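Peer 1: This is what each chain is made of:
Number of protein chains: 2
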Amino acid sequence: MSAANAFYAQSGGVTAVINASACGVIETARKHRDRIANVYAGRNGIIGALTEDMIDTNKESARTIRGLMTTPGGAFGSARYKLRSLEENRAEYERLIEVFRAHNISYFFYNGGNDSMDTAHKVSQISKQMGFPVTCLGIPKTVDNDLPVTDTCPGFGSVAKYVAVSTREAALDVQSMSKTSTKVFVLEVMGRHAGWIAAAGGLAGNGPADAPHIILFPEVAFDESAFLKRVRDCVRDYDYCVIVVSEGARYANGTFLAEAGTRDAFGHAQLGGVAPVVAGMVRDKLGFKYHYAVADYLQRSARHIASAVDVEQAYAVGKAAVQFALQGKTSVMPVIKRLSDQPYRWRIESAPLARIANKEKMLPRRFISKDGFGITAAARRYLQPLIKGEDYPKYINGLPDYVALRGVAVRPRLKTRFVI
Amino acid sequence: MSAANAFYAQSGGVTAVINASACGVIETARKHRDRIANVYAGRNGIIGALTEDMIDTNKESARTIRGLMTTPGGAFGSARYKLRSLEENRAEYERLIEVFRAHNISYFFYNGGNDSMDTAHKVSQISKQMGFPVTCLGIPKTVDNDLPVTDTCPGFGSVAKYVAVSTREAALDVQSMSKTSTKVFVLEVMGRHAGWIAAAGGLAGNGPADAPHIILFPEVAFDESAFLKRVRDCVRDYDYCVIVVSEGARYANGTFLAEAGTRDAFGHAQLGGVAPVVAGMVRDKLGFKYHYAVADYLQRSARHIASAVDVEQAYAVGKAAVQFALQGKTSVMPVIKRLSDQPYRWRIESAPLARIANKEKMLPRRFISKDGFGITAAARRYLQPLIKGEDYPKYINGLPDYVALRGVAVRPRLKTRFVI
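Taken in order, these protein sequences are the chains called X and D.
Sequential numbering from 88 applies to the first sequence in the numbering used here.
Sequential numbering from 88 applies to the second sequence in the numbering used here.
You can take every hint at face value.
If chains are identical, the list can't say which one is meant, so a pair holds when it fits in one copy or spans any two.
Derived BS3-like pairs (lysine-lysine); straight-line CA-CA distance at most 25 Å: (1) K266 to K209; (2) K215 to K416; (3) K316 to K266; (4) K266 to K169; (5) K266 to K502; (6) K376 to K169; (7) K424 to K446.
Hints listed in this document are in silico derivations from the structure and should not be mistaken for laboratory results.
The model shown is predicted, which means the values in this text are computed figures rather than measured ones.
One chain only, chain X, in its complex shape (with noise of 0.2 Å):
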């Protein structure tokens, strides 16, 4: 059998670890080479093959593909870009296989969420029926831990680690100041459908005197009451109050607490987001001094405390995605199999891309006291290991020394230019 070449893309969000995946799955390859010639990467994701914009990864020196491993970010170039259904769009799966074909291309790595596995689903199908099957795995990567079937997606135990660390940081700083300064701070994370991130930051502390005090989950309705009468009692009994609320959250009719804030001049929805809302509210009916915290991308992106558990998943399920590839496995995707919390013990497995595209796994209402508020003994038992264990990346000059690749582009063989 003939080497044939592999198409790697990053797809959606990126995370502190996606680029581990991308490392797995490059250094894996290369030990293969009688059966994979090359990776070729997409350029911002999907959008490089549509547009025959491809990275040639044997252009980079295996000290760059090492250095990916502590980068975080899209090396390549990620993308919000959802292939339409085939009815739809027929012309876009077309493409694909036509730029595959060309490019010798007779393996495809997906690294994504659920959209993504849904394409890489139907890209299986389709190149079959084409005429030019093309071995299609997906690759898990998400912060938001949503997907099915797999224990969890790399990406959520680093921005869980990261949520973690930086509650129980700013609660040290809340406390030492409460006597005569801040009473109540609020930390905004992200997780806009499900409630993990957020349940995360319920590690830093472990009884009810210790922070976060209050967590406001999407799956949980916001009653204003009830809320209130919390913070009020905790800074009684404390003298402080910690609050990590998702970006999620909202209430009992669906409506964001987010969107439920004030216009500007213009008529625009206020800008700040949950946080100030939260906070607002502590103002207006408590007169509480507050300060909050919004930590959108730096959650996602902080790889200088990546989770070690992490690191070592993504890459993982970059090796098997390439290993399961050369095995003839296609439409499925490496999920992560726990055998037991502690000590945290882990395998790789395979999973149908049917049985995990489109479809999202929430966070179980027995993962959330009973009030709402916090999260339980279960909960924790899932938790604490995916944040376990440091991943330093190397410092020169007091900063992370994160890789950037060549990039040098495949040339590209098609006559045909694609407008996306």
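Starting from the structure of chain X, add chain D where the hints point.
Peer 2: Okay, now just chain D, sitting in the frame of chain X:
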């Protein structure tokens, strides 16, 4: 000479390394038990002295005191509480001396910023007048880096490192998504009066194409059209734009950008701080997709990414304060004297509090690039050494193992109570 006691207090906003200064004070005092029998720490800063609420540090183990080296926040509690002038409130000063006399306290170590140096200076003078001379030492601490005479202020180097690292990381995230998603990212940092912290963000990049592309300093009057033009140019040339904005950024007339925002339904100024205001301009005038982060307390409590140089200096000033006191120096503060930039060499000297109290060191104009949006080579030479080295805390189960004090109270000796 029989041993007396020392009083130590933390003042004003806390930092990631103020406890390292406390460690320097206590460990050094413990080496001189013949002179300093015990260090009493004010609970909640100077308020603890006024209310006779002090923590007996002899009741803390050597291990706990060492643990202060890696614990952020103010372990003894801090306070925003400025003693008024002697004319305005003589009673406070008299009360202080009364408490010091009752507890045989001959040494006063005050760990804070400009205000605190003023207080320490006054206490020194008044104690002499009242016939109970107390040896008064200031210990520098402030993330704002605005104390004169000293090369830098412990606390600043770690915030600087946090901001530089976070900017670099978030920039990689934004850059990788810019083709189809966020084009402009805004990071709000502290520094209401001076742009030292914002300047540190400039260390994240090395050339015009590198983030941050724009820094908004309090020192440079905000010019909306010049700013928007620069954002547009960056997006045209680099496909994305990263902005670091100081909370103190202001218009030529002195109005803070943060205050110039919109008002909510109650007529309150919008709570969003400066980042959403800047992001709002980008949206309204240029239409780019944006994201913003507000680092707030996360930046000054981020012990997990503290600068090793900063930690070392924080300890050194605490240690030197005790040594100076034992040498009979009073009304002085240990300052850091820079001997060379590269390699960074420094030593501790002492400077009279009178030269430091109530004075602010502003960011020099020569540290800001001509166009007002970046830092100069001189700024880099100054800033670079301050973020050097990592000094990681110990982790347990994926979280930093920060110490908590037993906090045993010294038994009060006065019959009178003092109401703050």
